[in-house]
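Kindly generate the complete structure, drawing on both the sequences and the hints.
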Amino acid sequence: MNNFDIIVAGGGHAGIEASVSAARMGLKVALITMDKNGLGRLSCNPAIGGSAKGHLVHEIDALGGVMGILADNSGIQFRTLNKSKGPAIWAARSQNDRKIYTLEAIDYLSKIENLEIIEDIVTEAIEENKQIVGVITKKGNHFVTKSLIIAAGTFLNGVMYTGLTPSIGGRFKEEAAVGLTESLVKMGFVSGRLKTGTPPRLHKDSINYSILEEQPGDENPLPFSFKTNKSKFPFLPQLSCYLTYTNEEVHRILETGFDFSPMFRGLIDGVGPRYCPSIEDKIVRFNDKLKHQLFIEPEGLDSIEMYLNGFSSSLPAEIQLKAMKKIKGLENVEMLRPGYAVEYDFFPPYQIDLNYETKLIKGLYFAGQINGTSGYEEAAGQGLLAGINAAAKILGMPELILKRSEAYLGVLIDDLVGKSTDEPYRMFTSRAEHRLLLRQDNAMERLSKYGYKYGLITKEELNQIEEKYSLIHKTIFSLNKLKIKPNQINNLLETKNLSILDNSETASKLIKRPELTISDVLSSFPNNEKKFSEIIDKPEILEKIEIEIKYEGYIQKQQELVEKLDKIENVQIPHDFDYSIIKGFSTEARQKLTKIKPRTLGQATRISGVTPSDISVLFVYLKS
Amino acid sequence: MNKFDEDIITALATPNGEGAIAVIRVSGKECFNQIDKIFKGKIPLSEAKKNTIHYGKIIYKNEIIDDVLVSIFHSPNSYTGEDSVEISTHGNPLIVQKIIEILLKQNIRLAEPGEFTKRAFLNGKFDLTQAEAVADIIQSRNDSALKGARNQLNGLLSAQINNIKNSLIEIISLLELELDFAEEDLLFISRNEIITKIEKIIRTFEVLISSYKFGRILRDGVNVAIVGKPNVGKSSLLNYFVKENRAIVSEIPGTTRDVIIEEVNIEGVLFKFYDTAGFRESEDEIEILGVQKSEKTILQADFVLLIHDVEQELDLNFYNKIISLIEENRVLLVQNKIDKTIKKLKENEIGISAKTGEGIEKLFKVLLERIGQTKIYTENSLIINNIRHLEILTKAKNYLTNAVKSIEENQSQEFISIEIRYTLEMLDEIIGVVTTDEILNNIFNKFCIGK
Ligand SMILES: Cc1cc2nc3c(=O)[nH]c(=O)nc-3n(C[C@H](O)[C@H](O)[C@H](O)COP(=O)(O)OP(=O)(O)OC[C@H]3O[C@@H](n4cnc5c(N)ncnc54)[C@H](O)[C@@H]3O)c2cc1C
Ligand SMILES: Nc1nc2c(ncn2[C@@H]2O[C@H](COP(=O)(O)OP(=O)(O)OP(=O)(O)O)[C@@H](O)[C@H]2O)c(=O)[nH]1
Ligand SMILES: [Mg+2]
Numbered sequence: 001m002n003n004f005d006i007i008v009a010g011g012g013h014a015g016i017e018a019s020v021s022a023a024r025m026g027l028k029v030a031l032i033t034m035d036k037n038g039l040g041r042l043s044c045n046p047a048i049g050g051s052a053k054g055h056l057v058h059e060i061d062a063l064g065g066v067m068g069i070l071a072d073n074s075g076i077q078f079r080t081l082n083k084s085k086g087p088a089i090w091a092a093r094s095q096n097d098r099k100i101y102t103l104e105a106i107d108y109l110s111k112i113e114n115l116e117i118i119e120d121i122v123t124e125a126i127e128e129n130k131q132i133v134g135v136i137t138k139k140g141n142h143f144v145t146k147s148l149i150i151a152a153g154t155f156l157n158g159v160m161y162t163g164l165t166p167s168i169g170g171r172f173k174e175e176a177a178v179g180l181t182e183s184l185v186k187m188g189f190v191s192g193r194l195k196t197g198t199p200p201r202l203h204k205d206s207i208n209y210s211i212l213e214e215q216p217g218d219e220n221p222l223p224f225s226f227k228t229n230k231s232k233f234p235f236l237p238q239l240s241c242y243l244t245y246t247n248e249e250v251h252r253i254l255e256t257g258f259d260f261s262p263m264f265r266g267l268i269d270g271v272g273p274r275y276c277p278s279i280e281d282k283i284v285r286f287n288d289k290l291k292h293q294l295f296i297e298p299e300g301l302d303s304i305e306m307y308l309n310g311f312s313s314s315l316p317a318e319i320q321l322k323a324m325k326k327i328k329g330l331e332n333v334e335m336l337r338p339g340y341a342v343e344y345d346f347f348p349p350y351q352i353d354l355n356y357e358t359k360l361i362k363g364l365y366f367a368g369q370i371n372g373t374s375g376y377e378e379a380a381g382q383g384l385l386a387g388i389n390a391a392a393k394i395l396g397m398p399e400l401i402l403k404r405s406e407a408y409l410g411v412l413i414d415d416l417v418g419k420s421t422d423e424p425y426r427m428f429t430s431r432a433e434h435r436l437l438l439r440q441d442n443a444m445e446r447l448s449k450y451g452y453k454y455g456l457i458t459k460e461e462l463n464q465i466e467e468k469y470s471l472i473h474k475t476i477f478s479l480n481k482l483k484i485k486p487n488q489i490n491n492l493l494e495t496k497n498l499s500i501l502d503n504s505e506t507a508s509k510l511i512k513r514p515e516l517t518i519s520d521v522l523s524s525f526p527n528n529e530k531k532f533s534e535i536i537d538k539p540e541i542l543e544k545i546e547i548e549i550k551y552e553g554y555i556q557k558q559q560e561l562v563e564k565l566d567k568i569e570n571v572q573i574p575h576d577f578d579y580s581i582i583k584g585f586s587t588e589a590r591q592k593l594t595k596i597k598p599r600t601l602g603q604a605t606r607i608s609g610v611t612p613s614d615i616s617v618l619f620v621y622l623k624s
Numbered sequence: 001m002n003k004f005d006e007d008i009i010t011a012l013a014t015p016n017g018e019g020a021i022a023v024i025r026v027s028g029k030e031c032f033n034q035i036d037k038i039f040k041g042k043i044p045l046s047e048a049k050k051n052t053i054h055y056g057k058i059i060y061k062n063e064i065i066d067d068v069l070v071s072i073f074h075s076p077n078s079y080t081g082e083d084s085v086e087i088s089t090h091g092n093p094l095i096v097q098k099i100i101e102i103l104l105k106q107n108i109r110l111a112e113p114g115e116f117t118k119r120a121f122l123n124g125k126f127d128l129t130q131a132e133a134v135a136d137i138i139q140s141r142n143d144s145a146l147k148g149a150r151n152q153l154n155g156l157l158s159a160q161i162n163n164i165k166n167s168l169i170e171i172i173s174l175l176e177l178e179l180d181f182a183e184e185d186l187l188f189i190s191r192n193e194i195i196t197k198i199e200k201i202i203r204t205f206e207v208l209i210s211s212y213k214f215g216r217i218l219r220d221g222v223n224v225a226i227v228g229k230p231n232v233g234k235s236s237l238l239n240y241f242v243k244e245n246r247a248i249v250s251e252i253p254g255t256t257r258d259v260i261i262e263e264v265n266i267e268g269v270l271f272k273f274y275d276t277a278g279f280r281e282s283e284d285e286i287e288i289l290g291v292q293k294s295e296k297t298i299l300q301a302d303f304v305l306l307i308h309d310v311e312q313e314l315d316l317n318f319y320n321k322i323i324s325l326i327e328e329n330r331v332l333l334v335q336n337k338i339d340k341t342i343k344k345l346k347e348n349e350i351g352i353s354a355k356t357g358e359g360i361e362k363l364f365k366v367l368l369e370r371i372g373q374t375k376i377y378t379e380n381s382l383i384i385n386n387i388r389h390l391e392i393l394t395k396a397k398n399y400l401t402n403a404v405k406s407i408e409e410n411q412s413q414e415f416i417s418i419e420i421r422y423t424l425e426m427l428d429e430i431i432g433v434v435t436t437d438e439i440l441n442n443i444f445n446k447f448c449i450g451k
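Protein chains in written order, with our numbering: chain D, 1 to 624; chain P, 1 to 451.
Hints are computed from structural coordinates only; laboratory data are not their basis. Being a predicted model, the structure only gives us computed values, none of them experimental. Hints are not guaranteed to be accurate.
Unchecked claim - These stretches of chain D come out as covered by chain P in the derived footprint (C-beta under 8 Å, 3 or more residues): (1) 33-42; (2) 427-441; (3) 548-559; (4) 583-596; (5) 616-622.
Glycine residues also receive a C-beta, built at the ideal position from the N, C-alpha and C atoms.
So this is what it looks like as structure tokens:
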């Protein structure tokens with residue numbers, strides 16, 4: 001039967017989430033992908049999570065997605081980054097065995113009902129009356145479908161570079177996808193080109209570890225997924241990473257290759273300050289920094305390859321090698337593969353709507369790197385929401401559009417549609433203006449209700465989550481009331497050299513003191529232990545309570561701001577609003593608004609080129 | 001749906017009532033055609049050159065209503081940015097009424113309050129702070145207030161706010177960059193540099209905040225209480241100010257019982273003088289009430305002229321009582337009746353005669369100096385006179401103070417950044433990025449119909 005509800009083109013991180021969520025919502029789904037054995041392949045870094053990306057994985061997990069589980073099952077190191085910052089910045093990261101990650105993905109998908117995996121390449125999308133109706137593949141098959149989600153990653157007309165020598169392909173040793181871009185452009189879509197790079201791979205026995213700083217994982221590693229069984233975690237042996245640095249000599253050698261760097265040209269055209277993938281970029285951008293940190297990371301348990309994180313480069317191979325040999329610990333390094341850059345087609349994302357459906361063709365969705373993003377987690381998050389929304393539309397359910405104040409995933413789609421930048425988009429915590437509310441520790445509290453609503457989280461799972469959070473809130477409530485007498489805590493305060501109490505103080509006030517932890521306060525006298533027996537041995541819950549109490553002021557203030565901003569955020573703009581009738585707009589604002597068609601005034605405020613005056617004009621108009 | 005593009009609106013633009021002339025405004029696409037139906041001049045307005053003035057008659061059903069001058073403005077060169085007409089008629093309310101009635105029969109509707117300005121705003125003639133300034137200009141009752149509002153209208157406030165925003169955005173983006181590269185532990189801007197920059201901005205806020213008092217004074221006038229013991233010449237002074245016998249003057253102590261208020265414009269600044277009952281112990285119930293009122297007046301005053309009869313001893317108890325009600329630096333001791341004494345005043349004493357007017361010029365000078373801080377606020381300095389701006393700037397200042405505190409406490413970037421973000425959010429409210437119903441209503445409701 002060549003007849004589906006939803007076809008997903010591309011089995012990368014976006015494609016996996018999209019096909020799994022749609023299938024679990026009960027629809028008949030086909031995942032058409034080039035290489036059945038390459039599902040969820042980690043193209044670049046053998047790692048999941050990191051700053052802001054860890055947040056994305058937690059959100060995907062809270063919604064009932066797949067990525068957290070795959071990462072937990074294939075992890076060979078787990079670490080929480082940025083512990084020296086506040087809790088909103090803490091971010092989980094794992095090193096993963098590249099091979100096992102893919103095997104886990106294949107295994108996971110094989111168990112999903114209603115999901116058929118087809119090894120082929122989508123070469124053409126077919127529409128009738130602006131509605132998607134099917135696809136044609138390289139093997140000459142014609143599939144009929146109600147919806148198509150394109151998650152083609154870096155493969156659309158992919159070209160790889162090492163130095164100035166190009167070769168056709170979407171990824172090392174993989175072919176490019178040809179034809180699909182052209183068929184979309186024929187429908188009226190606008191495509192563009194983007195580049196991204198990857199660092200060299202090193203032979204693991206050619207590195208002098210003895211002079212390098214070892215970086216092991218956390219002592220008590222935490223999984224990404226709430227579904228992961230903590231008692232047996234981690235499942236695989238754990239490996240260390242190693243730290244080293246570039247130096248001026250390395251920089252000088254790299255500079256000799258700048259004329260041969262395709263990436264470097266892009267930089268001269270003004271790649272923004274946020275995105276800094278290649279070592280070439282870093283040297284130029286931060287030219288007063290004499291050294292840059294590099295991580296030597298294992299690619300897998302039985303892999304001979306090591307990954308040189310921070311040294312992404314598309315300079316000629318000989319220059320990469322020459323420069324590396326001047327790096328501490330890499331004096332005798334053997335380069336198994338040079339770094340390379342890949343250039344590919346993307347579709348500037350103003351062409352999609354907040355539900356990932358294209359504005360031009362109904363039933364057509366774009367997710368992942370095709371929208372100009374970079375990174376596995378960004379791709380997975382998009383795939384998940386595209387899958388949910390495509391399925392919801394067919395099922396007649398309301399769409400799922402997360403707000404910026406609700407999730408990084410809300411920030412992601414809002415930025416994509418509204419800003420439509422021409423450099424690869426990567427998530428940063430700085431992109432989330434409400435980030436103090438968007439922490440990893442409360443991802444489930446924020447989002448699991450939606451996971452349940454769309455059938456990706458079971459009733460039992462939801463109950464379990466809700467119980468956890470109600471326990472947390474109950475405990476906070478009693479800590480707010482519980483009075484601690486001076487004689488119960490002064491001993492502890494004295495040993496810590498802190499000002500002692502003259503009068504009783506509530507437990508939460510004490511926990512708010514920067515120098516005290518919740519465990520300090522609870523263990524300050526034995527009676528408390530009994531009262532809080534439910535939580536005393538659950539570090540994860542204790543930590544969450546401590547965050548809520550310590551940062552209460554910030555959290556509350558941020559919430560107030562969200563409420564205030566919601567007043568504009570919720571002003572709807574009619575779908576086919578004619579911006580030409582208002583003379584007060586600047587020309588740029590009128591063009592952008594017409595192109596992007598924001599749904600709300602809030603969305604309009606974030607479109608670059610739309611000025612405060614434009615917004616107030618629009619607002620006054622909408623109100624009158 | 002696009003009603004404002006189609007509707008033609010009209011309203012009287014000059015104050016209601018009798019006057020030499022009255023101006024009726026009409027605005028909306030091709031309103032010339034509508035007016036041509038009732039206006040007979042040399043040529044039809046629709047054929048006239050852009051932005052010209054025409055003499056003619058308003059004729060309706062063969063009846064001549066009035067001789068008028070009609071100014072025509074072609075879009076976008078008009079107040080609203082639309083095609084507009086201003087009809088100057090004789091200032092008789094009956095004529096005005098009649099013409100407006102006739103206009104309303106030409107497919108023209110009556111404008112809502114502030115609608116002309118709203119259209120101007122929608123047509124990009126000015127931004128929100130400027131629209132607010134227009135409201136203030138309309139309400140300005142004196143020169144200085146007008147200047148203050150006009151500076152705002154010229155975009156001075158937006159410009160200054162934007163400057164501040166830019167330097168805050170610069171700080172924040174460096175802090176954010178540090179977070180984006182948190183693993184590398186880089187510092188892109190030294191904490192001292194941030195503090196210096198922020199403190200400079202805090203000082204700018206403080207100047208603006210303290211300008212409010214002056215700005216408000218410019219707009220609403222300075223409230224000056226004239227107080228003193230009975231019979232020292234308070235009412236005489238008030239009368240001298242207004243050049244008429246406004247308050248009863250008599251030799252009998254305790255003449256004034258109720259507070260009498262008079263407005264006087266001194267060198268462009270509006271003063272409101274409050275003549276009060278003289279202070280003394282009394283059995284008379286009405287007089288006691290009067291003294292209570294005097295006290296209340298002091299509490300609400302910006303400034304107090306404490307009038308003293310030059311020939312009497314200064315009663316220190318009484319003086320102390322007054323300065324317990326209002327700060328001493330807002331009290332000016334004035335020696336009255338210098339015409340009938342031979343006593344020499346000290347250099348720094350202020351002596352006047354409410355009878356002859358001697359010394360009153362000097363009193364004005366001192367008064368202007370003391371309330372106006374005229375040296376700080378020149379014509380071109382930015383003065384905020386809007387309570388909305390005052391509240392926002394006060395909050396913004398607090399956020400920045402918190403930011404400095406966070407830095408001093410060595411907190412991580414996101415906590416510094418959040419305070420700066422809040423500040424930016426506040427500033428956006430002033431220039432209209434964050435527009436809410438309340439703000440808009442506030443602004444456009446200040447207008448009356450016809451503006
Ligand atoms: C060389 C390189 C360097 C990178 N560097 C970085 C980096 O420094 N930092 C970073 O965050 N991210 C980097 N990435 C990006 C990261 O790999 C992607 O962002 C992420 O994998 C995108 O996920 P995706 O699901 O959109 O697509 P992909 O993971 O690329 O998956 C696309 C899948 O679709 C299949 N496919 C494509 N077209 C078709 C078609 N027409 N029909 C059927 N199947 C198709 C492909 O075979 C593939 O399996 C890099 C990627 C590459 C290739
Ligand atoms: N010679 C002289 N007489 C003055 C002067 N000012 C006021 N007087 C006289 O002083 C008497 C009291 O004047 P008022 O102005 O009524 O005094 P007041 O302070 O208002 O008195 P109360 O209302 O009773 O408190 C009147 O007879 C005035 O004519 C002055 O400057 N010179
Ligand atoms: Mg009197």
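Here is what the structure says about each hint:
Counting residues of the segment 33-42 of chain D whose C-beta lies closer than 8 Å to any C-beta of chain P gives 0; at least three are required, and the coverage claim is violated. Only residues whose C-beta sits within less than 8 Å of a C-beta in chain P count toward coverage, and the segment 427-441 of chain D has 6 of them, enough to reach three; the restraint holds. Evaluation of the coverage hint for the segment 548-559 of chain D: fulfilled, as 3 residues show C-beta separations to chain P shorter than 8 Å, against a requirement of three. By the rule of at least three residues with a Cβ nearer than 8 Å to a Cβ of chain P, the coverage given for the segment 583-596 of chain D holds, with 4 such residues.
Only residues whose C-beta sits within less than 8 Å of a C-beta in chain P count toward coverage, and the segment 616-622 of chain D has 5 of them, enough to reach three; the restraint holds.
Hint violations for this structure: number 1 only, all remaining hints satisfied.
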